[in-house]
Amino acid sequence: MAPLSLEAEVKQDESLLLQFIYQCPVGLAEIDDRGVIRLLNARGVALLMPIAIAAGLGNFFDLIRPFASEIVEQLETSSATGEIFVNRRILLKGQKPIVHLSFTAIRLDTDSLMISFDDVTSVVEAEHRTREALEAQAVQSGRVEMAATVLHDIGNAITGIGTRSAQLLAEPAWPEIESLSRMSSLLQSQTALLASVLGERKAVALGGLASALERNLRQREITLREHVRSLASSVSHVQEILSVQRQYVHQRGAGPRSRVILTELVHDAVAIQSAGLEKRGIKLIRRLDADLPSLLLDRTRMVQVFGNLIRNACESFDQGERGRQERFLEIVGKHLKPGWVRLTFKDSGSGFPAEKAEAFFERGATTKATGSGLGLASCRNTVESHGGRIWMESAGIGHGATVTIDLTSAESENHHA
Amino acid sequence: MASTVELSSAANQTEQLNVRFDQPHLLSALCALNADAYDLADFGIVAMGLDHVVTAYNLWESRLSGLSPANVIGRHFFTEIAPCTNNYMVSLRYEAAELDEMVNYVFSYRLRPVKVRLRLLKSAEQGRQFLVVEREDRP
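These protein sequences, in sequence, are chains A and B. Heads up: the first sequence is residues 1 to 417, going by our numbering. Heads up: the second sequence is residues 418 to 556, going by our numbering.
If you're looking for bench data, these hints aren't it; they were derived computationally from the structure. Since this is a predicted model, take the numbers as computed values, not measurements. Treat the hints with caution; some may be incorrect.
If the Cβ cut is set under 8 Å, some of the chain B residues that face chain A in the computed set are [as the list claims (entries may be wrong)]:
hint: 1; residue: Ala499
hint: 2; residue: Asn503
hint: 3; residue: Asn504
hint: 4; residue: Met506
hint: 5; residue: Leu509
hint: 6; residue: Tyr522
hint: 7; residue: Val523
hint: 8; residue: Ser525
hint: 9; residue: Arg527
hint: 10; residue: Pro530
hint: 11; residue: Lys532
hint: 12; residue: Arg534
FRET-style restraints, in silico, Cβ to Cβ [said to hold, decoys possible]:
hint: 13; chain 1: B; residue 1: Gly544; chain 2: A; residue 2: Met114; range: 40 to 48 Å
hint: 14; chain 1: B; residue 1: Asp517; chain 2: A; residue 2: Leu18; range: 28 to 36 Å
hint: 15; chain 1: A; residue 1: Gln12; chain 2: B; residue 2: Arg510; range: 30 to 38 Å
hint: 16; chain 1: B; residue 1: Asp453; chain 2: A; residue 2: Glu14; range: 26 to 34 Å
hint: 17; chain 1: A; residue 1: Arg143; chain 2: B; residue 2: His493; range: 26 to 34 Å
hint: 18; chain 1: A; residue 1: Val86; chain 2: B; residue 2: Asp453; range: 49 to 57 Å
hint: 19; chain 1: B; residue 1: Asp468; chain 2: A; residue 2: Ala126; range: 46 to 54 Å
hint: 20; chain 1: B; residue 1: Arg510; chain 2: A; residue 2: Glu132; range: 50 to 58 Å
hint: 21; chain 1: A; residue 1: Leu134; chain 2: B; residue 2: Ser445; range: 55 to 63 Å
hint: 22; chain 1: B; residue 1: Thr496; chain 2: A; residue 2: Met114; range: 23 to 31 Å
Every residue, glycine too, gets a C-beta built ideally from N, C-alpha and C.
Work out the full structure: start from the sequences and follow the hints.
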């Protein structure tokens with residue numbers, strides 16, 4: 001093959017350079033001082049055409065002014081050669097889908113500017129998502145910190161009450177009662193002597209009065225001790241709740257998973273909610289298969305889920321008149337199929353319209369005056385994060401409700417692996 | 418890669434092609450013609466398969482773009498030859514099975530923006546599609 005002449009070689013180089021710029025994957029334009037586009041590569045056309053339908057692709061300033069007049073002003077007033085701005089982003093309002101372009105401008109000489117630009121929509125969106133996630137994380141951290149502080153302060157106050165209750169319980173019998181008892185015995189034994197001074201009736205009455213005072217004081221002491229014992233028990237219950245909540249706050253998100261016997265978790269949740277069940281006279285029925293497998297679970301969060309469901313069941317008895325119908329909550333745990341366990345929480349509470357079942361799992365959905373509507377949404381989040389599923393059913397208002405949770409041991413193993 | 422186009426003998430012919438840019442049933446008319454006849458047209462004709470690979474590139478289009486047919490035929494038009502058309506206004510419209518639409522557009526010929534009218538033609542049934550180009554400022 002004969003070598004190319006110098007002229008042909010230059011021509012070929014020019015052609016190569018032309019194609020290089022034409023095919024450059026970034027928009028490139030050369031404009032004059034009034035914004036007239038002199039050169040524009042293929043990517044530049046593809047990016048600008050959607051906004052050039054009305055204005056045409058003749059003048060860069062006319063194209064950009066409706067979206068960012070300050071950029072045009074900066075280009076018009078620049079005089080020194082060199083960089084004018086770098087990576088200035090413009091949102092092309094009115095475009096569907098939304099488009100963000102990034103521009104860099106360099107003045108080449110008094111009547112020539114080079115503009116490079118590209119579509120950075122995906123970058124802007126990714127940044128937006130990251131910023132939102134960081135803000136949500138900051139808000140969440142703030143909430144967790146506040147919750148931890150509140151729990152800590154309440155815990156301190158409750159511990160003080162608990163300590164005082166324990167001290168009251170440990171106190172010996174009131175010595176005044178023993179003194180009164182001795183005095184009463186003395187008066188009883190000396191009734192004859194007293195009668196000679198006070199008369200028969202008054203002497204007997206005095207002995208009886210002392211004896212009655214002693215009995216009354218003993219009864220009051222017993223009653224008071226029962227109240228203190230009950231107070232200590234309630235304090236202990238509150239401390240348990242605080243302990244679970246503290247664990248939850250500290251391990252919020254992805255808590256550690258450990259092998260847990262499901263039956264124990266149910267018992268723990270019932271213990272925490274026992275006061276609510278007792279207060280409303282709800283009969284608790286537990287039917288848990290003895291050979292339920294142990295699962296790898298976030299113990300704290302799953303106790304939270306079960307506790308939430310039991311509390312919801314309790315509170316469903318507060319809504320509407322249930323008449324003489326039996327109040328019960330039945331918790332059943334059984335093998336569903338190999339590797340799966342099914343737990344059901346069935347109550348005879350107020351129930352709900354069947355079509356509303358899914359709505360309760362949406363954040364903010366609640367039927368309670370003081371509810372946040374986060375309970376069931378949080379439950380679903382936790383169950384699904386364990387590879388399980390949770391749903392709710394009711395035959396209608398007045399017919400109770402059933403919440404079902406399917407948990408898999410396989411997912412637990414996978415998570416562990 | 419691009420190279421300067423040498424005028425073919427067809428350019429010097431006085432024979433006129435009996436098709437117009439804006440005539441009805443242009444797709445059928447172009448399908449009926451031999452690819453060599455496209456060089457007689459006074460507008461640009463790019464013939465493609467349904468895969469957007471160029472099968473014919475006429476002289477008019479070749480002169481304006483500076484690309485010789487030999488360097489264009491067999492290549493993907495929207496990504497390799499004319500990336501300026503690779504957006505929803507042009508290339509994405511070819512997703513339709515049948516297409517005959519006109520679009521006001523701007524081509525970058527040798528980096529110089531030129532206002533054009535495009536006629537987008539496609540018949541999935543016949544397995545043919547065309548991009549037909551007319552300069553808006555043509556004399």
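Consistency of the hints with the structure:
Annotation: Ala499 (chain B) was flagged as interfacial toward chain A, and the flag holds, the nearest CB pair being 7 Å apart, inside 8 Å. This hint holds: Asn503 (chain B) has a C-beta 6 Å from the nearest C-beta of chain A, less than the 8 Å allowed. Of the supplied interface hints, the one on Asn504 (chain B) holds, with its beta-carbon coming within about 5 Å of a beta-carbon of chain A, less than 8 Å. Among the interface hints, the one on Met506 (chain B) holds; its C-beta lies about 6 Å from the nearest C-beta in chain A, closer than the 8 Å criterion.
Given the 8 Å rule on beta carbons, the hint for Leu509 (chain B) is violated: about 11 Å separates it from the nearest Cβ of chain A. For Tyr522 (chain B), the interface hint holds, since its Cβ comes within 8 Å of a Cβ in chain A; the closest pair sits about 6 Å apart. Hint status for Val523 (chain B): holds, given a least beta-carbon distance of 4 Å to chain A, under 8 Å. For Ser525 (chain B), the shortest C-beta to C-beta distance to chain A is roughly 5 Å, which falls under 8 Å, so the interface hint holds.
Hint status for Arg527 (chain B) relative to chain A: holds, with the closest Cβ pair at about 6 Å, below 8 Å. Given the 8 Å rule on beta carbons, the hint for Pro530 (chain B) holds: about 5 Å separates it from the nearest Cβ of chain A. A distance limit of 8 Å between C-beta atoms decides the matter here; for Lys532 (chain B) the minimum to chain A is near 7 Å, and the interface restraint holds. With its C-beta approaching chain A no nearer than about 13 Å, Arg534 (chain B) sits outside the 8 Å limit, and its interface hint is violated.
Judged by the Cβ atoms, the range 40 to 48 Å given for Gly544 (chain B) and Met114 (chain A) holds: they are separated by roughly 43 Å. Our hint of 28 to 36 Å for Asp517 (chain B) and Leu18 (chain A) holds, since their Cβ atoms are close to 33 Å apart. As the Cβ distance of Gln12 (chain A) to Arg510 (chain B) is approximately 35 Å, the hint placing it in 30 to 38 Å holds. Between Asp453 (chain B) and Glu14 (chain A) the beta carbon distance is about 30 Å. The supplied range of 26 to 34 Å therefore holds.
Between Arg143 (chain A) and His493 (chain B) the beta carbons are some 54 Å apart, a value that contradicts the proposed interval 26 to 34 Å. In this structure the hint that Val86 (chain A) and Asp453 (chain B) lie 49 to 57 Å apart at CB holds, the actual value being about 51 Å. Roughly 32 Å separates the CB atoms of Asp468 (chain B) and Ala126 (chain A), a value that falls outside the hinted 46 to 54 Å. Taking the beta carbon of each, Arg510 (chain B) and Glu132 (chain A) are about 35 Å apart, not inside 50 to 58 Å as hinted.
Separation of Leu134 (chain A) from Ser445 (chain B) is about 59 Å and conforms to the stated range, judged on CB atoms against 55 to 63 Å. The beta-carbon spacing between Thr496 (chain B) and Met114 (chain A), approximately 25 Å, falls within the hinted interval of 23 to 31 Å.
Checked against the numbered hints above, the structure breaks hints 5, 12, 17, 19, 20 and satisfies the rest.
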